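Those protein sequences? They're chains C and P, same order as listed.
The first sequence lines up with residues 309 to 424 when you count with this note's numbering.
The second sequence lines up with residues 2 to 117 when you count with this note's numbering.
Derived from the structure by calculation, the hints contain no laboratory data.
Predicted model only: the values in this text are computed from it and were never measured.
Idealized CB from N, CA, C, for every residue including glycine.
Some hints here could point you the wrong way.
For lysine-lysine, the following DSSO-like pairs were computed, each having C-alpha atoms within a straight-line distance of at most 27 Å [as the list claims (entries may be wrong)]: (1) C:Lys365 <-> P:Lys50; (2) P:Lys112 <-> C:Lys350; (3) P:Lys112 <-> C:Lys420.
Not everything, but these chain C residues come out facing chain P in the computed CB check (under 7 Å) [said to hold, decoys possible]: (4) Pro348; (5) Thr351; (6) Leu354; (7) Tyr366; (8) Phe415; (9) Glu417; (10) Thr422; (11) Leu424.
Computed footprint of chain C on chain P; a stretch qualifies when at least three of its residues, placed anywhere within it, have a C-beta under 8 Å from a C-beta of chain C [said to hold, decoys possible]: (12) 65–72; (13) 102–116.
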Amino acid sequence: GALVYQYPRRTICKSGTSMRMECQAVGFQATSVAWYRQSPQKTFELIALSTVNSAIKYEQNFTQEKFPISHPNLSFSSMTVLNAYLEDRGLYLCGAKTGINTGQLYFGEGSKLTVL
Amino acid sequence: AQSVDQPDAHVTLSEGASLELRCSYSYSAAPYLFWYVQYPGQSLQFLLKYITGDTVVKGTKGFEAEFRKSNSSFNLKKSPAHWSDSAKYFCALEVMQQGTGSKLSFGKGAKLTVSP
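This is chain P alone, in the form it adopts within the complex (with noise of 0.2 Å):
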């Protein structure tokens, strides 16, 4: 069975620092990983998605993320981060369902915090 593991339900950083959020998954076939970021009172907003090619990707807002294979993880990171970068973070694994196309499955979410 697939599934993601965002292992750091809370992080907290200084403005300026740089942020790493942890996500890793298992899946039997080639992975397509996305992260979205949730802000208080808001829906899902796409950052940025790996499905082939080059294993580090950047997205939106200046984040960037690293696929690697060996340990089966999708590190998000940005430096430097900025306060207004405070919200939930989730990652999410598209998995593959015969006959009836592909769904996506989250992570439990990363709750960053940035002080000013």
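So that you can see chain C by itself, here it is in the shape it has in the complex (with noise of 0.2 Å):
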């Protein structure tokens, strides 16, 4: 079966240092992996949609200077949250799905982010 995983669970952080969170997919090609936030008692926000070999598209509010993502092959993503702050504490979820149009995303486990 399909399945991502995402590493690490849980990460506490100082105050403007940078946490890195890894998403590896089994069982099938992640074409496309997409990086959401969810901040303490809000919805899923995307960050970006990544396409292998492809550019990344950041969404209003998240840039590529904040959030660098690497995305090098069909099983591997990984993103920083750089500079961290008490604002970026949250869940943060990889999602990856086979294709770059309509299919199902299958999720991580998420990476839980508190900074003190």
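The two chains are supplied separately, each in an independent frame; assemble them into the complex guided by the hints.
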């Protein structure tokens, strides 16, 4: 079956430091990877949509300078939260699927970021 | 612009009752709709989806949803509800983006509490 492994599951970092999270797809080709953030008590906001070997599209209010993403092949993607501050805390999810059009996203377990 | 509305932020019912979580959407093209569930401290789990065809779709964990084009709704149902169904439920709309594929736009979620 299709699985997405995401790690680390939890990170506590000091304000101003950075956190990197990784996403590994197993059993299918992760042509598209979407990174989401769920801030406390909120819904899921799309940060960026990445297609392998193509440009990464960031949503409004999110930038490559703050959330650099790498998607080098069909099984792996990573995202870093640079200079994390209190407003960056939350659950970060990667969702992956084959193809770029309609299809079910398989979500990882999430990386929870706490900023002190 | 597209949007997903879940009007009931909190739903409480007793075990054995029927549950229905409301979801309405606004989208100019044919909608692809999803329901996901998030248990406390966990990531998103896929429940079901509507792409085309039968307007009543069955999913995992005994859930089903009915797509109604007439009032742009995609309500989630289950009968009877069990205490283990207590979780937060998210309705999502897949939105096509020219050149970059599709993305999921989530509603704000509905927290369901089923008392034993």
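Each hint, compared with the structure:
At most 27 Å may separate the alpha-carbon atoms for a hinted pair to count; Lys365 of chain C and Lys50 of chain P meet this at roughly 25 Å. Taking the CA atoms of Lys112 of chain P and Lys350 of chain C, the gap is near 11 Å; set against the 27 Å cutoff, the hint holds. Annotation: proposed proximity of Lys112 of chain P to Lys420 of chain C holds, straight-line Cα distance about 20 Å (limit 27 Å). Using the Cβ-Cβ criterion of 7 Å, the hint placing Pro348 of chain C at the interface with chain P is not satisfied: the shortest such distance is roughly 13 Å.
At its closest, the beta carbon of Thr351 of chain C sits 5 Å from a beta carbon of chain P; the interface hint therefore holds under the 7 Å criterion. For Leu354 of chain C, the interface hint holds, the least distance from its beta-carbon to any beta-carbon of chain P being 5 Å, beneath 7 Å. Restraint check, Tyr366 of chain C versus chain P: the minimum CB separation of about 10 Å is more than 7 Å; hint violated. Interface hint status for Phe415 of chain C: upheld, as the beta-carbon distance to the closest one in chain P is roughly 5 Å, under 7 Å.
Against a cut-off of 7 Å between C-beta atoms, the interface hint on Glu417 of chain C holds, since the closest Cβ of chain P lies about 5 Å away. Interface restraint check for Thr422 of chain C: the shortest CB-CB distance to chain P comes to about 13 Å, outside 7 Å, so the restraint is violated. For Leu424 of chain C, the interface hint is violated, the least distance from its beta-carbon to any beta-carbon of chain P being 20 Å, above 7 Å. Coverage of the region 65–72 of chain P by chain C is violated [criterion: at least 3 residues with CB-CB distance below 8 Å; count 0].
Here's how the region 102–116 of chain P fares: 9 of its residues keep a CB closer than 8 Å to some CB of chain C, so the rule of at least three is met and the hint holds.
When the structure is compared with the earlier hints, violations turn up for hints 4, 7, 10, 11, 12 and for no others.
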